[in-house]
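These protein sequence lines map, in sequence, to chains E, C and H.
Under my numbering, the first residue of the first sequence carries the number 1, and numbering increases by one thereafter.
Under my numbering, the first residue of the second sequence carries the number 1, and numbering increases by one thereafter.
Under my numbering, the first residue of the third sequence carries the number 1, and numbering increases by one thereafter.
Some clues are possibly wrong.
Only part of the chain E face toward chain H is listed, based on derived beta-carbon distances under 10 Å [what the hints assert, rightly or not]: (1) Q16; (2) P18; (3) A45; (4) R152.
Computed cross-link-like contacts, DSS-like style, restricted to lysine-lysine with a CA-CA straight-line distance of at most 25 Å [said to hold, decoys possible]: (5) C:K294 x H:K140; (6) E:K128 x C:K101; (7) E:K190 x C:K101; (8) E:K128 x C:K20; (9) C:K101 x H:K140; (10) H:K80 x C:K293.
Derived by calculation from the structure, the hints in this document are not laboratory data.
Given the structure is predicted, the values throughout are model-derived calculations rather than measurements.
For every residue, glycine included, the Cβ atom is placed at its ideal position computed from N, Cα and C.
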Amino acid sequence: MSPENAPDPAPVHRHQRPRWALLGERAIEALIRASGVSAILFVAAIFFFVLREAAPVLVRDEFSLGQFLFSTEWYPTSANHVRYGTLALTVGTLSVTALAMALAVPFGLGAAIYLSEFCSSRVRETLKVVIELLSAIPSVVWGFVGLTVMSRLIVKLTGAPVGVNMLNGGIILALMSVPVIVSIGEDALKAVPDSYREAGLALGATRWQLVYRVLLPAARNGLLAAVLLGVGRAVGETMAVLMATGHAVHIPGSILDSVRTLTANIAAELGEAPAGSDHYRVLFLTGTLLFLITFAVNLTADFVVRGIRRK
Amino acid sequence: MRFARTPQVARKELAEAVAKGVFALMAAAMVVPLVLIVGYLVYLAWPSLGWEFLVDVPRKGMTDGGIWPAFAGTLYLVGISLLVSAPIGVMAAVYLNEYAKDNWFNRVVNLAVINLAGVPSIVHALFGLGAFVYAARLGYSILSAALTLAIMTLPVIIASTREALASVPMTFREACWNVGATRWQTIRAVVLPNSISGILTGVILQVSRAAGETAPVMFTGAVFFKFVERGEIFPYGIHEQCMALSMHLYTLATQVPNVRESLPYATAVVLLGAVLLVNAAAIALRVWLRGRKKW
Amino acid sequence: MTAFAKEIEVRGLRLAYGSKEVLHGITFDVYRNEILAVIGPAQSGKTSILRCLNRTTDFTASATVSGTIRVAGEDVQGTKDIFALRRKIGMVAPLPTGLPLTIYDNVAFAPRCSGLTRRADLDPIVECCLRQAALWDEVKDRLESLGTALSGGQQQRLTIARALSHQPEILCLDEFSIAIDPVTTMRIEDVLKELRQAITIVLVTNLTHQARRLSDRTMFLWDGEIVEIDRTEVIFSGSPKSERTRDYVSGVFG
Chain E
1 MSPENAPDPA
11 PVHRHQRPRW
21 ALLGERAIEA
31 LIRASGVSAI
41 LFVAAIFFFV
51 LREAAPVLVR
61 DEFSLGQFLF
71 STEWYPTSAN
81 HVRYGTLALT
91 VGTLSVTALA
101 MALAVPFGLG
111 AAIYLSEFCS
121 SRVRETLKVV
131 IELLSAIPSV
141 VWGFVGLTVM
151 SRLIVKLTGA
161 PVGVNMLNGG
171 IILALMSVPV
181 IVSIGEDALK
191 AVPDSYREAG
201 LALGATRWQL
211 VYRVLLPAAR
221 NGLLAAVLLG
231 VGRAVGETMA
241 VLMATGHAVH
251 IPGSILDSVR
261 TLTANIAAEL
271 GEAPAGSDHY
281 RVLFLTGTLL
291 FLITFAVNLT
301 ADFVVRGIRR
311 K
Chain C
1 MRFARTPQVA
11 RKELAEAVAK
21 GVFALMAAAM
31 VVPLVLIVGY
41 LVYLAWPSLG
51 WEFLVDVPRK
61 GMTDGGIWPA
71 FAGTLYLVGI
81 SLLVSAPIGV
91 MAAVYLNEYA
101 KDNWFNRVVN
111 LAVINLAGVP
121 SIVHALFGLG
131 AFVYAARLGY
141 SILSAALTLA
151 IMTLPVIIAS
161 TREALASVPM
171 TFREACWNVG
181 ATRWQTIRAV
191 VLPNSISGIL
201 TGVILQVSRA
211 AGETAPVMFT
221 GAVFFKFVER
231 GEIFPYGIHE
241 QCMALSMHLY
251 TLATQVPNVR
261 ESLPYATAVV
271 LLGAVLLVNA
281 AAIALRVWLR
291 GRKKW
Chain H
1 MTAFAKEIEV
11 RGLRLAYGSK
21 EVLHGITFDV
31 YRNEILAVIG
41 PAQSGKTSIL
51 RCLNRTTDFT
61 ASATVSGTIR
71 VAGEDVQGTK
81 DIFALRRKIG
91 MVAPLPTGLP
101 LTIYDNVAFA
111 PRCSGLTRRA
121 DLDPIVECCL
131 RQAALWDEVK
141 DRLESLGTAL
151 SGGQQQRLTI
161 ARALSHQPEI
171 LCLDEFSIAI
181 DPVTTMRIED
191 VLKELRQAIT
201 IVLVTNLTHQ
211 ARRLSDRTMF
221 LWDGEIVEID
231 RTEVIFSGSP
241 KSERTRDYVS
251 GVFG
């Protein structure tokens with residue numbers, strides 16, 4: 001098979017790899033497979049172990065799942081009348097999240113539109129880096145900002161007696177969620193084909209009209225996913241809200257009221273609850289609830305995003 | 001031919017400029033608070049910042065002194081968690097992307113892994129408590145906390161590694177298979193070398209996330225205070241509890257009365273600075289390696 | 001073509017992707033040292049036949065293969081070492097694919113996979129294959145440069161060099177010329193004419209004139225079934241056995 005000007009090599013396809021190479025490859029592939037399987041196990045494990053610690057309380061006579069979900073009375077350490085109602089905490093979570101989204105969604109989408117349609121590529125690259133750094137700020141640092149900077153600001157501007165409240169938490173959560181909304185929102189807008197833009201411009205539309213009439217509707221799914229993921233981040237936030245929203249477990253009357261969220265409540269009380277006690281188990285049950293909520297929100301967002309990608 | 005600037009056109013141009021201005025302001029609304037906040041933090045932290053702050057230990061009931069034990073503790077926690085999560089995460093991603101068949105089971109697994117990244121940090125804390133502190137009987141220790149952090153960062157490492165692997169075009173793999181290469185030979189020769197930049201970036205970003213998290217370590221191995229002699233470079237054993245930078249900030253901000261005012265601010269600045277530095281390094285790495293793309 | 005030994009024997013080959021069958025039980029032989037052209041319109045299953053030959057259908061989860069294929073005397077489905085079998089077949093894909101390695105490593109890849117590691121062993125193979133693919137003169141001074149930086153025509157010849165690097169007994173080309181310029185196409189056709197003296201070539205093409213130029217026998221595949229397989233002169237003679245063949249070959253459809 002070889003021409004005259006080169007030596008005839010041994011038939012390559014009949015050459016055998018040395019034993020140790022074959023064994024080594026088998027070992028590496030076994031390791032890889034094991035890692036894959038273990039990853040699957042860890043996924044299940046998180047849910048399993050949290051539920052495991054919570055489960056025993058579910059079968060106790062004194063415990064009622066209805067009360068757990070729908071009662072506003074949370075008195076886990078009461079001497080004679082223990083009650084585990086998480087509704088006030090759920091309302092706390094929802095209200096802070098709602099406030100945060102009310103701030104984050106307009107600003108986030110506005111910034112996403114700016115990045116995607118209006119700004120030059122230099123500015124875009126810089127802004128994207130800033131946003132990425134913004135999203136890297138640890139939760140406890142945000143909480144600290146809420147406790148100090150934001151608290152003083154709120155007291156000064158609104159005259160409220162205490163600066164840690166729903167407003168504080170809402171603003172902090174908004175600042176934390178905005179990067180998610182901006183980056184996913186920008187992806188969604190970028191995914192709209194240029195042909196839409198060209199068609200609009202050919203009809204004489206300004207860029208604003210293009211955005212309002214063509215791009216936003218076209219990117220609807222992706223923008224929805226962006227908002228959902230922002231919500232997911234806000235709902236799951238722990239340390240920031242723990243430090244910024246105060247300590248009152250009640251349904252808030254105004255945005256200047258203290259609230260407590262589901263997440264912060266677990267963090268605040270877990271250290272005090274004796275291991276294996278009902279209180280301890282109810283806190284784990286709250287964790288299970290949180291897991292389900294955030295998992296559902298993220299799964300929905302994922303499906304929405306896959307919907308656009310498939311197109 | 002010049003187009004006339006009729007009143008209609010002028011109105012449109014104005015509307016466009018206004019729109020651009022509004023959106024630019026919205027973008028600025030994200031950036032400006034960040035700059036102001038960081039500036040304010042640094043300003044208030046200034047009296048305490050310095051080399052002494054980093055290497056000294058807390059003194060006078062933590063109302064004064066430095067943060068060395070907390071800083072060292074964070075290094076321990078992040079280092080050990082990385083040792084566990086990076087290899088397992090990368091290999092699991094290789095398995096899922098290169099070996100696993102595309103059936104319903106694996107698709108469910110993928111879904112689960114991706115969405116696990118959104119689990120609240122307090123739930124990770126609960127998991128660590130239930131699984132490592134109690135079930136595995138590791139007790140409150142650096143090991144428990146580091147393993148909790150490892151499980152927390154694992155799904156994201158898997159997801160970002162998968163993205164990096166998937167960015168290598170299928171045609172390269174097919175070309176290798178056609179000449180009789182095994183899957184592993186293909187991965188080692190073509191897939192891994194060309195996705196290593198994405199993999200590294202993903203891992204580095206998780207390092208910074210692990211360094212900043214409080215809840216997962218607060219209940220599994222990090223403590224308010226641990227006595228450490230000044231000058232101890234390796235102050236902990238892995239079965240001991242430790243202090244952590246993130247937890248230390250929380251402690252100083254909420255649990256220590258009469259603390260010197262600049263102390264918590266300085267702690268926040270150090271934590272923030274470390275996290276931002278690591279992230280900036282990851283971004284720089286990504287940009288640099290993108291320029292060296294091979295196809 | 002003195003020996004009429006069979007290099008490839010295909011009997012009742014069926015291939016389905018999920019529930020959609022693309023090859024409906026085809027049977028044919030390929031003789032040693034011949035060039036067999038496989039022609040037919042798009043989606044008739046030409047590429048699928050090649051993928052069954054070297055069992056790259058394994059990498060598609062939904063693919064189910066039945067029937068028997070024997071390559072160089074070995075049963076493809078039941079072989080113990082599929083990697084060694086793949087190395088008996090050289091495969092050239094339609095899109096020129098240089099691997100993101102150096103040119104040297106591109107050609108040395110397959111020998112390294114089979115265990116050859118010393119430069120003394122690899123150097124002659126690399127040179128030999130690049131010469132056979134008519135690429136040596138253009139790249140001999142830059143073997144350490146990136147394979148993906150070559151032009152399309154060069155990358156296709158690099159693919160051929162890679163396909164030859166494991167000394168296959170059969171070379172399969174799948175529409176190799178669709179993405180390259182006519183000059184390079186002619187050069188590669190000359191290469192094929194030279195190679196056929198030592199190996200067997202299966203040439204899938206939708207360029208009927210290319211089949212006519214190069215092949216000894218031609219197989220006309222339509223919608224997963226063999227319409228006609230015969231000597232090339234017969235197929236292109238104007239009166240092949242099947243009317244459909246004549247229509248396709250003369251451009252009435254396709």
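Min Cβ distance, Q16 of chain E to chain H: is it shorter than 10 Å? holds (6 Å)
Straight-line alpha-carbon gap K190 of chain E to K101 of chain C, limit 25 Å: violated (31 Å)
Hint check: K101 of chain C vs K140 of chain H, CA-CA at most 25 Å. Holds or violated? violated (41 Å)
Pair hint K80 of chain H and K293 of chain C, alpha-carbon separation not exceeding 25 Å: violated (38 Å)
For the hint on P18 of chain E, does the least C-beta distance to chain H fall short of 10 Å? Check passed: Cβ of P18 of chain E comes within 6 Å of chain H, closer than 10 Å.
Measure nothing beyond the straight line between the CA atoms of K128 of chain E and K20 of chain C; if it is 25 Å or shorter, mark the hint as holding. holds (18 Å)
Please work out if K294 of chain C and K140 of chain H have their alpha carbons no farther apart than 25 Å. Holds: K294 of chain C and K140 of chain H sit about 21 Å apart, inside 25 Å.
With a cut-off of 10 Å on the beta carbons, see whether R152 of chain E makes it to chain H. This interface hint is violated because 56 Å lies over the 10 Å limit.
Quickly compare the C-alpha distance for K128 of chain E and K101 of chain C to 25 Å and report which way the hint goes. violated (36 Å)
Given a cut of 10 Å on the nearest C-beta pair, is the interface hint for A45 of chain E held or broken against chain H? Constraint on A45 of chain E not satisfied, violated at 28 Å.
Checked against the numbered hints listed earlier, the structure breaks hints 3, 4, 6, 7, 9 and 10; every other hint is satisfied.
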